[in-house]
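Engineer: The hints should help you fit chain P onto chain X, whose structure is shown.
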Amino acid sequence: MSPGFIEHQRLVLPAPLPLDGGAALSPVEVAWQSYGTLNDARDNAILICHALTGDQYVAGRHPVTGKPGWWERMVGPGKPIDTDRFYVICSNVIGSCMGSSGPASRDPASDTPWGMRFPVITIADMVRAQVALLDALGIARLHAVVGGSMGGMQALAWAAHHPERVGRALVVASAARHSAQNIAFHEVGRQAIMADPAWKGGDYYGARGSGPAKGLAVARMAAHITYLSEEGLTAKFGRRLQNRDAKTFGFDADFQVESYLRHQGLAFTDRFDANSYLYITRAMDYFDLAEPHGGKLATAFARSVATRFCLVSFTSDWLYPTSESRAIVHALNAAGAPTSFVELESGFGHDAFLLDVPALDRVIGGFVGEGA
Amino acid sequence: MSELRPDLAVIAAHVAAGSRVLDVGCGDGTLMAALRDKGCDARGLELDPANVAAAVSRGLSVVQGDCNVDLTDYPADSFDYVILSQTLQTTMRPDRVVEQLLRIGRRAFVSFPNFAHWRVRLSLLWGGRMPVTRLLPVAWYETPNIHHVTVDDFRALLVERGIEVEGSWFLTGDRPTSAAAANFRAEHAVFLLKR
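First to last, the sequence lines map onto chains X and P.
Under my numbering, think of the first position of the first sequence as 303, with each following residue one higher.
Under my numbering, think of the first position of the second sequence as 983, with each following residue one higher.
I should point out that these hints are in silico values taken from the structure, not numbers from a laboratory.
No experiment lies behind these values; they were computed from the predicted model shown.
Some hints here could point you the wrong way.
As the list claims (entries may be wrong) - Now the in silico label distances, taken between C-beta atoms and shown as ranges: (1) P:T1125 <-> X:P379: 45 to 51 Å; (2) X:A604 <-> P:G1000: 19 to 25 Å; (3) X:A537 <-> P:G1155: 46 to 52 Å; (4) X:H526 <-> P:A995: 53 to 59 Å; (5) P:W1100 <-> X:G673: 43 to 49 Å; (6) X:A317 <-> P:D1019: 44 to 50 Å.
To be verified - The list that follows gives simulated cross-link-like pairs (lysine to aspartate or glutamate, DMTMM-like), each with its CA atoms no further than 20 Å apart: (7) P:K1176 <-> P:D1134; (8) P:K1020 <-> X:E672; (9) X:K502 <-> X:D409; (10) X:K598 <-> P:D1055; (11) X:K538 <-> X:E560; (12) P:K1020 <-> P:D1062.
In this text, a Cβ means the ideal position worked out from N, Cα and C, and glycines have one as well.
So here's chain X without its partners, still in its complex pose (with noise of 0.2 Å):
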């Protein structure tokens, strides 16, 4: 099933988005989901920010997939993140393919979709558009921002661009800037999507299954393969062979991880953009907290010291290591910010937010829901 023959729930924003790169984008449609009751304070709202490829889907059954949400062992009624208390908010990030407007969706100026001429956004603009999004939905001010990954770069952006409105904010497995082997690797994804001939310069909407399938595929294999972590690996799949007894000699996915691989990749063709892939890694390529003010974080967080912090790492994720998430401790320590963080032992490598670790749950419910 193509994504744009789903009807998410939408909003149009009122006036155009301005955007870091100069450029106003107009018109913007901002997909959400929400889950629990804002209350009659409007005071226990939480905005989930989603990764890379994730989407507004946090809980229930995602309508492209028919999986369940990206956290829906987090989020949900009695869940840490408790629906009978919270008002979840969760949107698609602009650029995106999930409903709100990227390089998919149509360029009012020439009728057709926007392809690369989509204006280039960054993390700050992503946020923007949230912000919008509340300011329509009438909520003043967030309980808690909460993300993992890129989520997590929205929630310190929050925290940094618009402290009096979050109360809290809980950031997994994220960095405040993109390190160079970050960049290097999204490089790579990039590439190959561009070195798919039927990326055709990004203009190749159109006909059902048209697109960089192949070159889309490779870029999400070579970025999984960063998500996991070689124990992960090793333990999942190790050297076994796929379905077969013997190596074939050949290059046929002899072995269960290429298999694997394969499958990820194949998968994701079939649920995102290979153009939204491009503009929202280049997103985080482009994300530095610290860069408009001389590199000192601890200067982005100068307002931010009625927020309440909690920063998680885990052990084997070498994507957003541990010494990412204490750079942004100490500049929040500087700051004078009240921070907690907490590295906690798992062998999932980066996606292990995503995963199954009780402690998370526990570090995540207590933070989210204690005193509230």
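Structural biologist: Using the frame of chain X, we list chain P on its own:
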């Protein structure tokens, strides 16, 4: 605060209400919670992730870290009090840790088990064995206490480094012991230090 360990109860009772406090080695945040009840802005540093998780789930602000290396990251003069309870003897360089405490805070509470307590002396003198007592319950080969210290040792360090003592409390169990006989009679000591 009856549930607090005796040395923590002494500290909790003598921290000024409403002050900014860093609890180094805060465990699951028991003392921090008591200080929060006194209107203090309490922050914690703790090595064990399970303890950090427990403290965070009580709504406390605790950073996982190691006081041997991570204290240097805290800005100078950022707290009214820094607390180090029953942890000094486990650090790599207790003298440097004490200096860090008084760099970060204007005052520091330091509590530790007294290695010159008569029970300890007896154990070593008559038994010829490293003592295993109520406050030092772990055998020599697995104890985290790598720098045993006596009340008089600590006093000497303070004199050598020119650190002022603003208060001191000496305890056997939860009963106070006089300062004069402390090096022999006190199981553990609490010092309030000032730069």
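Engineer: For each hint, tell me whether it holds in the structure or not.
Structural biologist: Evaluated hints:
1. P:T1125 <-> X:P379: 45 to 51 Å: holds (47 Å)
2. X:A604 <-> P:G1000: 19 to 25 Å: At 23 Å between Cβs, range holds.
3. X:A537 <-> P:G1155: 46 to 52 Å: Taking Cβ atoms as reference, A537 (chain X) and G1155 (chain P) lie about 49 Å apart, which means the hint holds.
4. X:H526 <-> P:A995: 53 to 59 Å: holds (56 Å)
5. P:W1100 <-> X:G673: 43 to 49 Å: holds (46 Å)
6. X:A317 <-> P:D1019: 44 to 50 Å: holds (47 Å)
7. P:K1176 <-> P:D1134: holds (18 Å)
8. P:K1020 <-> X:E672: holds (18 Å)
9. X:K502 <-> X:D409: It holds: about 18 Å lies between the C-alpha atoms, which stays within 20 Å.
10. X:K598 <-> P:D1055: Holds - the C-alpha atoms of D1055 (chain P) and K598 (chain X) are around 14 Å apart, at most 20 Å.
11. X:K538 <-> X:E560: holds (12 Å)
12. P:K1020 <-> P:D1062: Given pair K1020 (chain P), D1062 (chain P) holds - Cα atoms ~14 Å apart, limit 20 Å.
In this structure, none of the earlier numbered hints is contradicted; all agree with it.
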